[in-house]
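Visitor: This is what each chain is made of:
Protein chains: 2
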Amino acid sequence: MQLPPGVSSADFSAAIHQIEGAVGKDWVFTSDGDVDLYRDAYTPFWHEEDEKIPSAAVAPATVEEVQMVVKIANNYKIPLWPVSTGKNLGYGGTSPALSGTVILDLKRMNRVLEVSDTNHYALVEPGVSYFDLYRYIQENKLKVWIDPPDPGWGSLVGNTLERGGGRTPMHEHFATQCGMEVVLANGQLLRTGMGALPGSKTWQQYKYGFGPYVDGIFSQSNLGVVTKMGVWLMPEPEAYRACMVMVPKHDDLVPLVDTLAYLRNSQIVQGICSLGSPLLFYRASQGGGILDAPGDPSIAEMERIGREKGLAYWSTDLRFYGPAKVIDAQWEHAKERFSSIPGVRFQETASYTFPLTPDQQAKVNVLPEIGIPSMSIFGILNRTGHGHIGFSPIIPMTGEAVFEAWKVFGQAYVDLGVKPPEQVFAFPTTYFARCFVFLFLFTVTQDVETNRRTRAVFKGLVRVAAEHGWGDYRTHVAFMSDVMNVYSYNNHALLRLHETIKDALDPNGILSPGKSGIWPKSMRKAST
Amino acid sequence: MQLPPGVSSADFSAAIHQIEGAVGKDWVFTSDGDVDLYRDAYTPFWHEEDEKIPSAAVAPATVEEVQMVVKIANNYKIPLWPVSTGKNLGYGGTSPALSGTVILDLKRMNRVLEVSDTNHYALVEPGVSYFDLYRYIQENKLKVWIDPPDPGWGSLVGNTLERGGGRTPMHEHFATQCGMEVVLANGQLLRTGMGALPGSKTWQQYKYGFGPYVDGIFSQSNLGVVTKMGVWLMPEPEAYRACMVMVPKHDDLVPLVDTLAYLRNSQIVQGICSLGSPLLFYRASQGGGILDAPGDPSIAEMERIGREKGLAYWSTDLRFYGPAKVIDAQWEHAKERFSSIPGVRFQETASYTFPLTPDQQAKVNVLPEIGIPSMSIFGILNRTGHGHIGFSPIIPMTGEAVFEAWKVFGQAYVDLGVKPPEQVFAFPTTYFARCFVFLFLFTVTQDVETNRRTRAVFKGLVRVAAEHGWGDYRTHVAFMSDVMNVYSYNNHALLRLHETIKDALDPNGILSPGKSGIWPKSMRKAST
Numbered sequence: 001m002q003l004p005p006g007v008s009s010a011d012f013s014a015a016i017h018q019i020e021g022a023v024g025k026d027w028v029f030t031s032d033g034d035v036d037l038y039r040d041a042y043t044p045f046w047h048e049e050d051e052k053i054p055s056a057a058v059a060p061a062t063v064e065e066v067q068m069v070v071k072i073a074n075n076y077k078i079p080l081w082p083v084s085t086g087k088n089l090g091y092g093g094t095s096p097a098l099s100g101t102v103i104l105d106l107k108r109m110n111r112v113l114e115v116s117d118t119n120h121y122a123l124v125e126p127g128v129s130y131f132d133l134y135r136y137i138q139e140n141k142l143k144v145w146i147d148p149p150d151p152g153w154g155s156l157v158g159n160t161l162e163r164g165g166g167r168t169p170m171h172e173h174f175a176t177q178c179g180m181e182v183v184l185a186n187g188q189l190l191r192t193g194m195g196a197l198p199g200s201k202t203w204q205q206y207k208y209g210f211g212p213y214v215d216g217i218f219s220q221s222n223l224g225v226v227t228k229m230g231v232w233l234m235p236e237p238e239a240y241r242a243c244m245v246m247v248p249k250h251d252d253l254v255p256l257v258d259t260l261a262y263l264r265n266s267q268i269v270q271g272i273c274s275l276g277s278p279l280l281f282y283r284a285s286q287g288g289g290i291l292d293a294p295g296d297p298s299i300a301e302m303e304r305i306g307r308e309k310g311l312a313y314w315s316t317d318l319r320f321y322g323p324a325k326v327i328d329a330q331w332e333h334a335k336e337r338f339s340s341i342p343g344v345r346f347q348e349t350a351s352y353t354f355p356l357t358p359d360q361q362a363k364v365n366v367l368p369e370i371g372i373p374s375m376s377i378f379g380i381l382n383r384t385g386h387g388h389i390g391f392s393p394i395i396p397m398t399g400e401a402v403f404e405a406w407k408v409f410g411q412a413y414v415d416l417g418v419k420p421p422e423q424v425f426a427f428p429t430t431y432f433a434r435c436f437v438f439l440f441l442f443t444v445t446q447d448v449e450t451n452r453r454t455r456a457v458f459k460g461l462v463r464v465a466a467e468h469g470w471g472d473y474r475t476h477v478a479f480m481s482d483v484m485n486v487y488s489y490n491n492h493a494l495l496r497l498h499e500t501i502k503d504a505l506d507p508n509g510i511l512s513p514g515k516s517g518i519w520p521k522s523m524r525k526a527s528t
Numbered sequence: 001m002q003l004p005p006g007v008s009s010a011d012f013s014a015a016i017h018q019i020e021g022a023v024g025k026d027w028v029f030t031s032d033g034d035v036d037l038y039r040d041a042y043t044p045f046w047h048e049e050d051e052k053i054p055s056a057a058v059a060p061a062t063v064e065e066v067q068m069v070v071k072i073a074n075n076y077k078i079p080l081w082p083v084s085t086g087k088n089l090g091y092g093g094t095s096p097a098l099s100g101t102v103i104l105d106l107k108r109m110n111r112v113l114e115v116s117d118t119n120h121y122a123l124v125e126p127g128v129s130y131f132d133l134y135r136y137i138q139e140n141k142l143k144v145w146i147d148p149p150d151p152g153w154g155s156l157v158g159n160t161l162e163r164g165g166g167r168t169p170m171h172e173h174f175a176t177q178c179g180m181e182v183v184l185a186n187g188q189l190l191r192t193g194m195g196a197l198p199g200s201k202t203w204q205q206y207k208y209g210f211g212p213y214v215d216g217i218f219s220q221s222n223l224g225v226v227t228k229m230g231v232w233l234m235p236e237p238e239a240y241r242a243c244m245v246m247v248p249k250h251d252d253l254v255p256l257v258d259t260l261a262y263l264r265n266s267q268i269v270q271g272i273c274s275l276g277s278p279l280l281f282y283r284a285s286q287g288g289g290i291l292d293a294p295g296d297p298s299i300a301e302m303e304r305i306g307r308e309k310g311l312a313y314w315s316t317d318l319r320f321y322g323p324a325k326v327i328d329a330q331w332e333h334a335k336e337r338f339s340s341i342p343g344v345r346f347q348e349t350a351s352y353t354f355p356l357t358p359d360q361q362a363k364v365n366v367l368p369e370i371g372i373p374s375m376s377i378f379g380i381l382n383r384t385g386h387g388h389i390g391f392s393p394i395i396p397m398t399g400e401a402v403f404e405a406w407k408v409f410g411q412a413y414v415d416l417g418v419k420p421p422e423q424v425f426a427f428p429t430t431y432f433a434r435c436f437v438f439l440f441l442f443t444v445t446q447d448v449e450t451n452r453r454t455r456a457v458f459k460g461l462v463r464v465a466a467e468h469g470w471g472d473y474r475t476h477v478a479f480m481s482d483v484m485n486v487y488s489y490n491n492h493a494l495l496r497l498h499e500t501i502k503d504a505l506d507p508n509g510i511l512s513p514g515k516s517g518i519w520p521k522s523m524r525k526a527s528t
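Those sequence lines, one after another, are chains A and B. Residue numbers in the first sequence follow the numbering used here, run continuously in steps of one, and reach 528 at the last position. Residue numbers in the second sequence follow the numbering used here, run continuously in steps of one, and reach 528 at the last position.
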C-alpha cells in the first residue's frame, strides 16, 4: 500500500479504523485488488512510477458519513480525493494527483431527491448518473429533459463540477447548476444560494442567494465535497430538427462562423454545433491529415477537388428544439442568413416529434442530442485505440481563429511527430455559450515509450496554445499543474488567490491536493 | 469629519496625504460639502445619528491608482467603499455600511475598452454607464444591444456586481458577466477566467477559465475592487413584439404561471414578464389594495366585477425578440398553450422592426425593453414620494406561491399598518431566469418617525418572508445584516464561509466592512 506522504503507518491504520467505524467495514477498501479499481484505466503512466496510486477508498452513504470521514481525515491529515461516480475518462478517472490519497467515492449517495416538471429542475446527490436521472424521469412520466454528455454513465454532480458539456440547449452544464450542499474540510456542512435560507422554497430556482455567490469556487476545485446539487432541466420540447450547412470555399469559413455566432448569440439556434469538413475528411481518408501540414495540396487544388467530388470545404450542423412551427421559422431564418455565402447548400439530417415511439428511438443516431443518455460514443472512441486523454483548448468563435488554430496545432503535430489519423476529433464545437472548444484526443497505450512521447506532445500543445492566447477548459489530472501554470497573469495572481482561499478553508490540505494545480501549503514547493 | 473607527486623526491625515500624492489633490474629497454628495439621497435615517456617513472620497483614474490607494488604505487600516458610478438608488446609493469609510469612487475609470459586434461582448471599466456604452455603440454603428436596467444612468459593472436585472433577453445581468480584473485588499491585481492567461483571446468569450471559477465571490461582496469586466451583449434583433395575456378567474393564475414557466424555460419567450391584474388595479383605484386584506370583496364578488367591467383577474406580458417570422411562430405557440384556460384573451401591445427611426423611437413607452437606456422610470417612481427603499424577495414561479406571498405580505402590511397605495409595485416579475422576484418599494421621507416605522416594516417583512422560505436577492445597505441573518442554515455556515474567505483575503478588513452583512474580524462582535 502507498501511504500518503508524511502519514505514519500507525496513524493511517488508526484513521482507517475510525473511518470503518463511521461508514462500516464493507465500505472501506484497502486491498490492492480493490484499490486498483480506482486507478486511471486510461493512465498515460502505465507501468511507470509516476502513476499516482490511491492508498484506499471509502464509500459513505450519507452526508453525515461524509462529514465524519472528512473530520477523521482532517484529524490525521490524510488526503481525500472525492469522486462522484468517478468516470471522467480521458481526464484521470478516479485517480488522484498525489499517490497515497484516499478516494472518497460518493457513488452510494445516489438519490434523486426531487424533480419538478413544472419548474424544470432536479435536486440530486453525487452518485446519481445521467442514466439514473433519466430512468427516474421516465418512470415518473415527467415531461422534462436532461442534458447527458457522451457517454451517459457519469454523474450529474461530477460532470457539472468539472464544467462539462452536452448537446441540447442546456449544453453548458455549469450554467445549469443551481444551489449546492457542501461539506468543508473541517467537516462543516453548508448550503449555497437560496439553500442557505432554512426551509427555502427556491433553492433550485434562483442561483445566487444573497451576498457573495460562491458556487463556482467548488467547481474544478479542492475546497469542499459537494453532497447535493440542483440542476436546471428543460421542458420536453415538441420537436427536434438537425440540419447541415455546407459551403464550398476555404475562405467561406469566416462568414459561416460569423453567421453561426449571430444565430447562437440570438438564441435562434440552441443545441451545440460542430464544424466539419467533408473535403478534409476526404483528404484524411487518402492518408493526409485534417490539420494543415507541409506538402498539403494548395487551397485552390483542394477547392478543385471539392468541386469535382461534390464535397463542401466546410460544414456546420445546427440543432433546433421547440414547437415545430418555431423550428420551421428559425431554420428558414438561418438559411436566409447563410445564403449570403455563394454556393451554400442545406440539408436536413434528422427530424423528430416527441415523445418518440421505441421504434423511432432505436433509429436515432446520437441519443444525447435528444436528451437520452447513451454509451454509443465508445463505438467511435474505440477507433483511437486503448485509451485516450483529451486536450481541450478554448478559441474564439471566428473563422480566423479556427484557421490559426489549425495552422498552429498542425505545425505542432508535425514538430512533435504526431500522425494524421490522430486528428479525427480536430474540429471545434460549441459546448460552451460563446466560444469554440477543441477536443483533441490522444491515444494512451501500455507502452512506456509511446506514452512518454504523448505526454511530451501534450505539454508542448499546452505551451503552444498558451503562446497564442488559448487555454484549456479542463485537463487530465496528470497535467493540471502544467495547465494552471499557463494561467499566469501578473505572476500567477489567480493561482495565489486560489492558494490563499485553499489555506484558509483547508489548512491541513486534505481535500484533493493538486487538483487544478492547487496544492496545500505544505506541498506547494514540491509541486512543480 | 467622521473618522473611521480606531483610526487616529494623525494617521487619517497621513493616509489622505499619501492618497493625494497617488491620485492628485483634485480627486480627494474631504470637505463636508463634497462628502455630503456621497451620502444616500434616499437614506431611511434622515436626521438620525444612525445614518452612515463617509469620511472622505477618492476618485482614481487608473488601475494603478486604485492599487496605490488600496495599499495606502491597507497600511493605515482605513476602510474603503468602492462604488462604480454609485447610483444604486433604493439600496444605499454611494453610502457605506460603516461611518468613517472612505468612498472609492471609480467613475473616472470610464473607458469602453472593446465592443465586438461579431462575438457580441464588451469590456468596460466600472465608470462606464449604460448610457455611455449605448452611445459608444451608436457612434460606432455596431449591431449589438445592451440590457439597461431602469434607470440607465448606473454602471454596468456596478449593476452586474449587485446582480441587477433588465428587460431584454439578457435580463439576468450576472449571467451575462464574462471575465473580470480585480484589485485585492493587498493591492494585488488579478484577472479571472481566461484573463488569467496572458494575451488571452477569449477573456470575454468563455467565463470559467481553468480551476475554481471565482467571479461570483466578487459580486455583492467586499473581497476585491473590480476594475474591468466583460459583459455579453445581444446581436441587434430584427424585430420585437410585446403581447399581453389576460385570464378572467382568480384560480386561472395557476395555469397562467405554469404556462409562463414552460415558455420561459423553453426559451420561447425571452424578455422579462411581469404579472399584473387589471381587476386588482381597479380595486386599488377604488381605495383598496392590491395585496389581500381583511374586508376585501370575496373572490366570487371580484370575478363578478371583472365580468361586469370587462377586467381580467390576471395578466402577464410576454416579450419576443428576433426574426419577425420566428416571433410570429413563438406567439402563435404561446397562444395555443394559454388557450387551455377558458376565457383567455390576447393582445399585442407593441411591435417594432429595427433599426427604428427617431420618430418611431420617440413613441416607445419603455425604452429599456428594446435595449435603450432611459431615465423615464423616475416619472413613475416619483409617485411614491421623496425616495424609496426596495424589498425584493424571491419566490417560486408558481401561481400557488404568488397567492401565498400576496396573502402573507398583505397580512404583514395590515399588521404593520402600511397603506394600500404603497402596493403599486406588488407584482412579481422575472428579472431572473427561473423564479419570480417582487420589488416592493417603501417611501422614505425626511420625517424621523415615518422612517422608523418604515424600517420596522422592512425588518418585519424580511423576517416574515424568511419564515415562508423566501429570501431577498439584494437589499439596502442599512438592512444587509438583517437579510444575511436569515440565510442561517446550519448556524450561519455560509456566512462563516464568507468570513473565513474575508479574513484570508483582507485581514485588515479595509474593503467595504459590513457589505452584505460581512464584517471584518475586528468588527464582527459589534456588528449586530
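Just to be clear, a hint being listed does not mean it is correct.
The list cannot tell twin chains apart, which means a pair is met if one copy fits it or any two copies do.
[Said to hold, decoys possible] Computed list of lysine-lysine pairs in DSSO-like fashion (alpha-carbon distance at most 27 Å, straight line):
{"#": "1", "residue 1": "87", "residue 2": "71"}
{"#": "2", "residue 1": "521", "residue 2": "141"}
{"#": "3", "residue 1": "335", "residue 2": "141"}
{"#": "4", "residue 1": "309", "residue 2": "407"}
{"#": "5", "residue 1": "87", "residue 2": "335"}
{"#": "6", "residue 1": "335", "residue 2": "143"}
{"#": "7", "residue 1": "228", "residue 2": "77"}
{"#": "8", "residue 1": "25", "residue 2": "71"}
{"#": "9", "residue 1": "249", "residue 2": "521"}
{"#": "10", "residue 1": "407", "residue 2": "228"}
{"#": "11", "residue 1": "521", "residue 2": "71"}
{"#": "12", "residue 1": "459", "residue 2": "87"}
{"#": "13", "residue 1": "249", "residue 2": "107"}
{"#": "14", "residue 1": "407", "residue 2": "363"}
{"#": "15", "residue 1": "325", "residue 2": "335"}
{"#": "16", "residue 1": "419", "residue 2": "309"}
It should be emphasised that the hints constitute simulated quantities derived from the structure, not laboratory data. Note that the structure is predicted; figures quoted are calculated from it, not measured.
Visitor: Please name the hints from earlier in the document that this structure breaks, with their numbers sorted from lowest to highest.
Guide: Structure breaks hints 2, 5, 9, 10, 13, 14.
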